[in-house]
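Next come the chains, spelled out residue by residue.
2 protein chains.
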Amino acid sequence: MQKKVLALLREAEDNYISGEEIAARLGVSRTAVWKHIRALKAAGYEIESHARRGYMLLEAPDLLLPQELQPTLRTQVIGKNMVHYGEIPSSNNEAKKLALDGAPDGTVVVAEAQGAGKGRLSRGWYSPARKGIWFSVVLRPAFLPQDAPKCTLMAAVAVVRAMKDMGFPVGIKWPNDVLDNKGRKLVGILTELSAEMERINFVVIGTGINVNLWPEDFPDDIKDIATSLGMLRGGKVDRVELFARVLEALDDLYLSVEKKGFDDVLDEWRRYSVTLGQEVNVIGVKETFAGTATDIDADGALLIDTPEGRRRVLAGDVSIRPRRK
Amino acid sequence: MQKKVLALLREAEDNYISGEEIAARLGVSRTAVWKHIRALKAAGYEIESHARRGYMLLEAPDLLLPQELQPTLRTQVIGKNMVHYGEIPSSNNEAKKLALDGAPDGTVVVAEAQGAGKGRLSRGWYSPARKGIWFSVVLRPAFLPQDAPKCTLMAAVAVVRAMKDMGFPVGIKWPNDVLDNKGRKLVGILTELSAEMERINFVVIGTGINVNLWPEDFPDDIKDIATSLGMLRGGKVDRVELFARVLEALDDLYLSVEKKGFDDVLDEWRRYSVTLGQEVNVIGVKETFAGTATDIDADGALLIDTPEGRRRVLAGDVSIRPRRK
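Just so you know, the protein sequences line up as chains A and B, in that order. Counted the way the working numbering counts, the first sequence spans residues 1 to 325. Counted the way the working numbering counts, the second sequence spans residues 1 to 325.
So that you can see chain A by itself, here it is in the shape it has in the complex:
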């Protein structure tokens, strides 16, 4: 009902709509209307109240609320079910809990802030309130667990496609770091899997996008290696618009993968890659080596040509070596 009240306020655009009219059109009491208006205000909507004329929506809050996103979201699976939090410790942990309780394919968990955001390999992810998009998606794909690592490439492709559509110069460093054209990190992705040996129970893809962080917002240890879209643009970026574009790109890619497999995702990944063709250092699970990154294979592994032959990297940190002048 709150969504319906909001829809009528939006429909009225820059005009007042009376409480009486809202009550009549929705078939509820005027007291009920008043309560919903109060709840919308509490959620951050700026609503002008006038004793005779009624209500007018002045400004939607800068929050990633389902009622802001869902009405115009063009997706078939991703975000049809969406849960919003002011602050939670970790959207991935929350999504895993919901998945264990049966949350459907495409469920999105989004938080304005994370108290203990998780990055890869037990690293943290700095997630201050309303400065970024900190969210996790629950997927229940039909493909085999062996294909799950490619979800993380798919997520990076979705984010980059959305950002490029909005004009940002970004690329992907293998496997899923989204960087600006100076190599500074904009996005972190942490994919987790729950599976039997031949069936996926669920995949949770957690994504953190630095949107409106300014230089003074970054902790000292990451301020030289991280940046934000707002800093790239030199001004505030609309989080709701970006979030919707990312979810739509992810929906498109996910439906394609379920139908045709990962080939198209891998091709799009190659187009966005800043790693391929570069001299790289690989810090692997057991050893460190250098070579030329030539391609990714059908499993999403990075192929590196070294003096001792071609090597295949499934896990580890890859750094791009600066070109000699």
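These are computed hints drawn from the structure, not numbers from a lab. Please note that a few of the clues may not be correct.
Repeated chains share a single entry, so a pair holds when one copy, or any two copies, can fit it.
Straight-line C-alpha distance at most 25 Å; calculated SDA-like pairs for lysine to any residue [as the list claims (entries may be wrong)]:
(1) LYS260 with LEU314
(2) LYS286 with PHE143
(3) LYS35 with PRO66
(4) LYS259 with ARG312
(5) LYS97 with ARG140
(6) LYS260 with ARG311
(7) LYS97 with ASN201
(8) LYS286 with HIS84
(9) LYS97 with LEU144
(10) LYS182 with ARG10
(11) LYS185 with ARG123
(12) LYS286 with ALA298
(13) LYS97 with ARG123
(14) LYS259 with ARG311
(15) LYS286 with VAL77
(16) LYS286 with ASP263
(17) LYS164 with THR288
(18) LYS286 with GLY261
(19) LYS286 with ASP147
(20) LYS164 with GLY119
(21) LYS286 with ASP299
(22) LYS41 with ALA51
(23) LYS3 with ASP221
(24) LYS286 with ALA142
(25) LYS259 with GLU20
(26) LYS260 with ALA301
Here the structure of chain A is known, so what remains is to put chain B in place on it, guided by the hints.
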């Protein structure tokens, strides 16, 4: 303390030991000794009490209690932490909960009965009280998630090694069905994985072993395709002995895998296999086909030679076609 009282009773073998002596040696009151004796009796131990002579252990209960197993268990990791239940819905689900709460590498969850035992692909597993060994092991290996499917081969190898050591004629049908020499099923294994893309959080290996089920114990739908070790032997089999041997074999294999990888496990699997060299029908995820099972590869996938070439099977049901006379 209860374990220490039990140890003294065992030490006395077929002689009485007085409550006074137990109290003195353990530094507790005679009332405390009496309470521990009462608890042991409640757990199923048959203990003779004599007013003047004291206590004598007549028979240990036919239960898979940690205090029965652990004192003689020769393992380094598996079963150092062990949790025993009379009945739980599913040992795998319980093990996953404990793993999420931080249960250490090698934790064993064992139940005398499962109310809703789980098999592969949402099938059930019939787990009547004290008739089998229904248990799950939590592993936290250092290898990559891509290697996790081989855990299910490792578990089958551990079970078969233990059974062969006890003289049973058993073999493995790919990937992890343990069968008698007439092709009847003795064991079910369900392996579940929780992982990030490049790190395993935990693996839970659930194993159900039909030990002392008799023909009348089996439900109609499985009585022609399943059997038990007791039926093979024509008499009761010691569950504690078998369980200890399985855990010891698993410990040995797991330590070897962590040190040297899966090659030795795959070789032992090949020796126990009843699938390799056979004509098989494969009911795969998307299609059905027939061919000759020739080998498993380094990923544990089954390799099938068909008229159209070699095929690689990662998931699905494989049935062995009877040889023509």
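Going down the list of hints, with the structure as the test:
In the homo-oligomer, the alpha carbons of LYS260 and LEU314 lie at most 25 Å apart both inside one protomer (23 Å) and across protomers (19 Å), since each shortest distance falls under that limit. When the C-alpha separation of LYS286 and PHE143 is checked against a cutoff of 25 Å, the pair qualifies only between copies, where the shortest distance is 11 Å, while the shortest distance within a copy is 30 Å. For the identical chains of this complex, LYS35 and PRO66 are intra-copy neighbours only, at 19 Å inside a copy versus 59 Å across copies, given an alpha-carbon limit of 25 Å. In this homomeric assembly, LYS259 and ARG312 come within 25 Å of each other (Cα to Cα) only across copies, at 21 Å, whereas the closest approach inside a single copy is 27 Å.
In this assembly of identical chains, the alpha carbons of LYS97 and ARG140 lie at most 25 Å apart whether taken from the same copy (14 Å) or from different copies (21 Å). Proximity of LYS260 and ARG311 under a CA criterion of 25 Å is satisfied inter-copy only: 20 Å between copies versus 28 Å inside one chain copy. Within a single copy, LYS97 and ASN201 get their C-alpha atoms as close as 13 Å, and across copies as close as 15 Å, so both meet the 25 Å cut-off. For the homomeric pair LYS286 and HIS84, neither the shortest alpha-carbon distance inside one copy (40 Å) nor that between copies (38 Å) is at most 25 Å.
For the homomeric pair LYS97 and LEU144, the shortest alpha-carbon distances inside one copy (22 Å) and between copies (24 Å) are both at most 25 Å. Taking the closest pair of Cα atoms, LYS182 and ARG10 never come within 25 Å of each other, the shortest separation being 41 Å inside a single copy and 72 Å across copies. Taking CA atoms no more than 25 Å apart as the test, LYS185 paired with ARG123 passes inside one copy only; the shortest distance there is 15 Å, against 45 Å between copies. Taking CA atoms no more than 25 Å apart as the test, LYS286 paired with ALA298 passes in both settings, with 23 Å inside one copy and 19 Å between copies.
Both within a single protomer and between protomers do LYS97 and ARG123 lie at most 25 Å apart by alpha-carbon distance, with minima of 20 Å and 23 Å respectively. For the homomeric pair LYS259 and ARG311, the shortest alpha-carbon distance between copies (22 Å) is at most 25 Å, but the shortest distance inside one copy (31 Å) is not. For a Cα distance limit of 25 Å, the shortest separation of LYS286 from VAL77 across copies, 23 Å, qualifies, whereas the shortest one inside one copy, 39 Å, does not. For a Cα distance limit of 25 Å, the shortest separation of LYS286 from ASP263 across copies, 18 Å, qualifies, whereas the shortest one inside one copy, 30 Å, does not.
Taking identical chains as interchangeable, the C-alpha atoms of LYS164 and THR288 are never at most 25 Å apart, the minima being 33 Å within one chain and 43 Å between chains. Taking the shortest alpha-carbon separations for LYS286 and GLY261, only the inter-copy value of 13 Å comes in at or below 25 Å, while the best intra-copy value is 31 Å. For a Cα distance limit of 25 Å, the shortest separation of LYS286 from ASP147 qualifies both inside one copy, at 23 Å, and across copies, at 15 Å. For the identical chains of this complex, LYS164 and GLY119 are intra-copy neighbours only, at 24 Å inside a copy versus 46 Å across copies, given an alpha-carbon limit of 25 Å.
Taking the shortest alpha-carbon separations for LYS286 and ASP299, both the intra-copy value of 20 Å and the inter-copy value of 19 Å come in at or below 25 Å. Within a single copy, LYS41 and ALA51 get their C-alpha atoms as close as 17 Å, which meets the 25 Å cut-off; across copies the closest is 79 Å, which misses it. When the C-alpha separation of LYS3 and ASP221 is checked against a cutoff of 25 Å, the pair qualifies neither within a copy, at 42 Å, nor between copies, at 52 Å. In this homomeric assembly, LYS286 and ALA142 come within 25 Å of each other (Cα to Cα) only across copies, at 11 Å, whereas the closest approach inside a single copy is 33 Å.
Proximity of LYS259 and GLU20 under a CA criterion of 25 Å is satisfied in neither setting, with 50 Å inside one chain copy and 75 Å between copies. Both within a single protomer and between protomers do LYS260 and ALA301 lie at most 25 Å apart by alpha-carbon distance, with minima of 20 Å and 22 Å respectively.
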